[in-house]
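Chemist: Model the full assembly from the supplied sequences, consistent with the hints where possible.
Chains as they are written, first to last, in the numbering used here: chain C, 740 to 1073; chain F, 7 to 350; chain S, 215 to 723; chain R, 2 to 330.
Hints are computed from structural coordinates only; laboratory data are not their basis.
Hints may be right or wrong, so weigh each one.
[What the hints assert, rightly or not] Simulated crosslink set (SDA-like; lysine to any residue; CA at most 25 Å straight-line):
hint, chain 1, residue 1, chain 2, residue 2
1, C, LYS942, F, PRO55
2, S, LYS606, S, ARG456
3, C, LYS981, F, GLN61
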Amino acid sequence: GGTTKKDSSDNGGDVKATDAKANPDAPLKKGLKLAFLPKQINNPYEKIVDDAGIEAAGEFGGKGKEVGPSDASASSQVSYINTLIQQRQDAILIAANDPNAVCGPLKQAMKKDIKVVAYDSDTAKECRQLFINQASSEEIGRSQVQHIAEQLDYKGEIAILSATQNATNQNTWIEFMKDELKKPKYKNMKLVKTAYGDDDDQKSFQETQGLLKAYPNLKGIISPTTVGIAAAARYISDSSYKGKVVINGLGTPNQMRKYVKDNTVEQFSLWDPKKLGYLGSYAAAALASGQITGAEGEKFKAGKLGEYTIGKDGEVILGPPTVFNKDNIDDFDF
Amino acid sequence: MTATIEKPTAQAEAGRSARSLVDTVFRAREISIAGALVLLVLFTWIAEPRFLNDQGVKDLLLNAAILVLLAVGQSVVVVTRNIDLSVGSVVGLSAFACGKFVSGTDHGPLLVALLGIAVGMACGLVSGALVSFGKVPALVVTLGMLYIIQGIDYWWAEGEQINAADVPQSVLDLGSGSVLGIPYLPLISFAVLAVTAYFLRSYRSGRELYAIGSSPEAARLAGVPIRRRVLGAYVFSGAVAGFAGSLWLARFGTVVADNAHGWELTVVSAVVVGGVAIVGGVGTVWGAALGALLLTTIGSALSVLKVDSFWEDAISGALLLAAISVDRIVNVRMTRALRKRSAR
Amino acid sequence: MSQADSTGVPVLALKGVNKSFGAVRALRDVSLELFPGEAHALAGENGAGKSTLIKTLAGVHRPDAGQVLLDGEPVVFHGPADARDVGIAVIYQEPTLFPDLSIAENIFMGRQPRRALGRIDHKAVRSATAALMGRLGVALDPDRPARGLSIADQQIVEIAKALSFDARVLIMDEPTAALTGSETARLFSVVEALRAEGAAVLFISHRLEEIFRLCQRVTTLRDGRWVASEPLAGLTEDDLVRRMVGRDLDELYPKQDTRVGETALSVHRLTREGVFRDVSFEVRRGEIVALAGLVGAGRTEVAQAVFGVDRADAGEVRVAGTPLRPGSPNAAMAAGLALVPEDRRQRGLVMEMSIERNIGLTGLDRISGGGLVKRALERGRATDWATRLQLKYGRLSDHVGVLSGGNQQKVVLAKWLATDPAVLIVDEPTRGIDVGTKAEVHRLLSSLAAEGLAVLMISSDLPEVLGMADRVLVMHEGRMVAEIPRAEATEESVMAAATGRTGKGRAAA
Amino acid sequence: MSPLRGALRWDTAVGVLLVAVFVTGLGTTDGFASRDNLAFAFNDIAEVALMALPMTLLVVAGQVDLSVASMLGLSSALTGQLWDSGWAFETIVPVVLLVGVAGGLLNGWLVTKVGLPSLAVTIGTLALYRGLASVVLGSNAITDFPETYAKWAVDTTTIPGTFITYPMALFIVLAVVAAVVLHATGLGRSLFAIGAQEDAAYFAGIRVKRIKLLLFVVTGLVSAFAGVVFTLRYGSARADNGQGFEMLVIASVLLGGIDFDGGKGTLFGAVAGVLLIGILKNLLTLNDVANEVQVIVTGLLLVASVLTPRLISTVSEWRHRRAAATPSG
Ligand SMILES: Nc1ncnc2c1ncn2[C@@H]1O[C@H](COP(=O)(O)OP(=O)(O)OP(=O)(O)O)[C@@H](O)[C@H]1O
Ligand SMILES: Nc1ncnc2c1ncn2[C@@H]1O[C@H](COP(=O)(O)OP(=O)(O)OP(=O)(O)O)[C@@H](O)[C@H]1O
Ligand SMILES: [Mg+2]
Ligand SMILES: [Mg+2]
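Modeler: Have a look at this one:
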């Protein structure tokens, strides 16, 4: 006997507070308190997102702040959620380190009528009202493979250099990458290994080294994380592999500028993190003002970015990522 | 920490042969670590010859360089029966300070190194002053310093990142350049190692560090200036860590606030694996350096051997345990054999 | 007879010195003068303040009041280094060596001969050490680490260290406590030579005959107070004892006649490779058996193997006929064995623990009820034994570490006697104990034996061995070489066996 | 002088500081006093607090176990993996606890039988156990733990009428047990003796090795249990759960005045240290004090924890010496 997984397939209730009616014409409330809870403060990328979000809050008369742990572990975000509840914030914007570990406290927050918006890295669906996705996960995953395949002429071994083993967004993208690779046109390409650099510069650097040494025929590395791609590019730029191994993935222009210019990297992509923060801020405000409830099909205005529509499962998609290369990289500064 | 009851019973009157055996026992630590290292490299090389090609050797040396440096600094402190847990934070702070300093300028590597050393010395001075003049336990103080320095670093960095593009090429060249095929970094580490080793062996103040660690009470009665020496050890360890921070910048180009976060335990384990007793008084910086080299080589070997990344931690932990256990068992066996031999 | 002129200026002197530790007033208004070419003895019971006085001279302690005078001028020593630099060499009561460093380094730490660029001249250090060892007539390898040296060898290294200074003042706090006759004689001849060269010597010992042998003057302390400073010529041992104790001393070696009962401890062919071989003996109830031998003969090791702290490689130990599980002190204690170890600081006591807890440590189950320690029982046990052994202490909750050396030794005895053992092994039980207490300890051992306790006493103090033992076992280089009954035990017979010239007595099986 | 010195002992001081911080919180900070918040604040440190108890005993005996957080992670990963493969929760818990015991045995065996220093051993097992956790669970995260058990671990379930959660209640019970063991039993006396002077303890017939082994086993067991609590509390089993907690546990114990050289300290101090770190963190976060400042505060507290008693005794010694120097009647 005993309690097994089968007995408890449906646990907890769905507390999603969608009973309230949306009023699309409600004005954005003044003085809204928004809190950004990044995976970890000190992550430069998250910092850009959050700063942009806080600035956006200023635009509509709200007040934003960024709080968070200094290590990207699942549990450390939880205590911040609790304090945000005690502080009666109007909305919490969270980039979840773990989709489930933060669930309990977020549900409590929603019960207390605090709006919850996930961005960058999603939580479980029932624990937030909206998820601001930088781009559709599917599109990110597949396009990574498509890009590198073009660079490699659809031939050769490739590897992935990811962040931590548990990062939700990374794992979702990697699933789509693997799926894309199953298509017949990639029959001459082979994914040999997924390595984890833990979003730690030095670890990513060594993982790159290891990959190249262990797989002499490696032709390309996809690193869908800003820390990883920079580290990989840096290793290659100083090594004998330069010009022989293709690097692609997601990176920020400031980090990658040097490697694009010295021809280590031909191209990489990313969305504009500032826009992500900006959109998150407006979405949270729209929720807190009652313009939307998070139901599919609702629309809201995100300041200068224009109008957005909520998709399936409360997902709002920022837009397709930008591909950066030698020609356009100097137009960006972040 | 484990004062073993079974004591080494070497006969005072034991002759020459026994004496050289004693020497061997005391040097066994370095030898067995070096042996383990050679085995590991050979094994990996046979399985994957590219492990030891030009680039491979270069990578091995480069990977070890910074840890070796930190292990050298740490051993000097550990030998005095103290410990410096703040090294990771010091490297982080110094690397960031150097990054901030050079970003967008064309300061040369010398200036950067000096700045790093200065930052590290300042940190070492505070820890050392607290430990030596405050007469408070080193472990607690340096754990406190770990947090304090880290906090300052985070607070200063505010999530900022220094990118390779902002760092002057001359500094980056220090991290990637080489002479006669040997990269600068390991050469620098080796130089620091050799000088430190010679100092510890052949200077009064060096020997006094061992004396303090071996018996602080006896050192006091022998008139050893304990406070000054301990302070010196911390300042040295801090300076080395700070220097490592500037080399970090040169090597990796990219720095954020939490560089080398959590390295303190790696450094301490390198030192311990290398045979420097955590209770002080015993061990050499050569051993510590070998320990550091072994640890980084385990990491490199595992990834070259295509070991599933999920297994890496477990295997390196197990290897570490195996290394220190085998060493200890060999040591005990030899001491026992020695006792029985001297029976005749 | 002495060329010292006591009217000249003393090299080193104390004037009106006070020193307190918390509530304990260790020295009150004490004065002392040391003259060149004179050996000065310092006498007093345990805890009289002798070591404190020495540490004050050595710059370890700073006097609360009063002055230290060097060549008649007041000086302030900020640390041992200051004292050393003006030519004061000190041998402390407890050896203070660097266990991990070689003997040579121990001797020359901080003063190594140097070559160009301030580098240490390792060769010179080694040869200077070898020379010192030659002077003391011992064969210790300069390169050997100090760890594992017997207490006696440690003391010898300390002596060598002090000699290496060529000091003007040589201060020795019980240097002979762990030494046997021959080493002591050697030490004395070296000290004589130094004295002849004009050095001042301050010497502490609880063996009065040594004081008379070596010294010209004596200063006596009692309870931290100065009692007298006078020439030794004309004094008798009894006079000296009266000054120290304030009364006449009872009979020395109060050996009671006892009825010897059945065998309590029997050791059969016990061997620990490289240390001792094939050791067999018996101790019966009511008997005091002494185990004599030169330093390093392996007596301590035998005791430790019997008690189970060391594991023997072969052989058997039986207590009251039942074989003892080897390698388990716990089993030994359960069988009624007790061992008072030689090294009280490392093995006898937990220095940071209170007196009462140290005494309670050997009987945790006896002072507990229902799993919990009963404080009243613990204190009772401690009070009882502190009184019986005339322990001098402030409070029972004080750290053992603040007691004087002799009083620490009493705590070790108390701790083991409190276990109510059937067989008591004592390793150098009166090392560092003053004459009064020594007699007390001897009386205690005697009366315990009379009550049926079996005592195995390891001692390097020959008069003690001869005075107390019913039988003397002698070890030489790890072997049992002789068993001498009380009647035949003389200084000559024991020494002959101990040095390997087995003449008298019958060789052991 | 002695009652004064007693009052100035660091563990008492930490206790006083804890109360002071608590009272300040009540007075100044909105939402601090709410039952929800207190329940949360205490529950938030439940695992660290639990592991601090055996750690205190270990440190008193002169040992340390740096692998506790990794054992927590391994236990969490194992709980998740077994749950996912359909085991009954009632079977999983004993199995996981057994693994904790086994881990403790390995630590203890290497320390007592092989004779290695515990710091070195547990740095090794820190990597080993964390590695095994990621071998067991890889990059998966297991969720959906049974509500019947999960509810006991979360901060929304408290002992009715109080803010005491069940993990906290367990902590209180275990703390009392640990305090009795350490301060009132023969075993406790032995721990102090081993920590202060191992040789002397051994010569006094104390079974040094057996006791050390026992301590490591208990530490492993408690850490494994903390892993189960952690898993249920967050409803998420992952290989990296509790990463870095070892430093927090050590810091709490040290903050409570336990001497790392062994032989000194009180359990009260350790408990006060743990609670102080927890409450302070909650209070500072509520006041929007940035994380980096909190890190600095933790560091300063640690330094103060050893420096303050030192300063006090120096000052009192100095005053004593002056008193002694002036002649008394
Ligand atoms: N560091 C200390 N702290 C407190 N009390 C001390 C300290 N050192 C010595 N004492 C006390 O001072 C008194 C004198 O001790 P001292 O060691 O000088 O005696 P001693 O004459 O050398 O005795 P013994 O013959 O036993 O060596 C003793 O009561 C002792 O307990
Ligand atoms: N603590 C120790 N560690 C290592 N070796 C020791 C130790 N004590 C003694 N020895 C060595 O063991 C041998 C036997 O010494 P032991 O102490 O048993 O002799 P002993 O006859 O008791 O002499 P002593 O009077 O010095 O105690 C000696 O060679 C000595 O150097
Ligand atoms: Mg004395
Ligand atoms: Mg002996």
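Chemist: For each hint, tell me whether it holds in the structure or not.
Modeler: Each hint, compared with the structure:
The hinted pair formed by C:LYS942 and F:PRO55 meets the criterion: a straight-line CA distance of about 23 Å does not exceed 25 Å. For the hint linking S:LYS606 to S:ARG456, the alpha-carbon distance of about 19 Å falls within 25 Å, and the restraint holds. Of the pairs offered as hints, the one joining C:LYS981 and F:GLN61 holds, with about 12 Å between alpha carbons and a cut-off of 25 Å not exceeded.
Of the hints listed earlier, there is not a single one the structure fails to meet.
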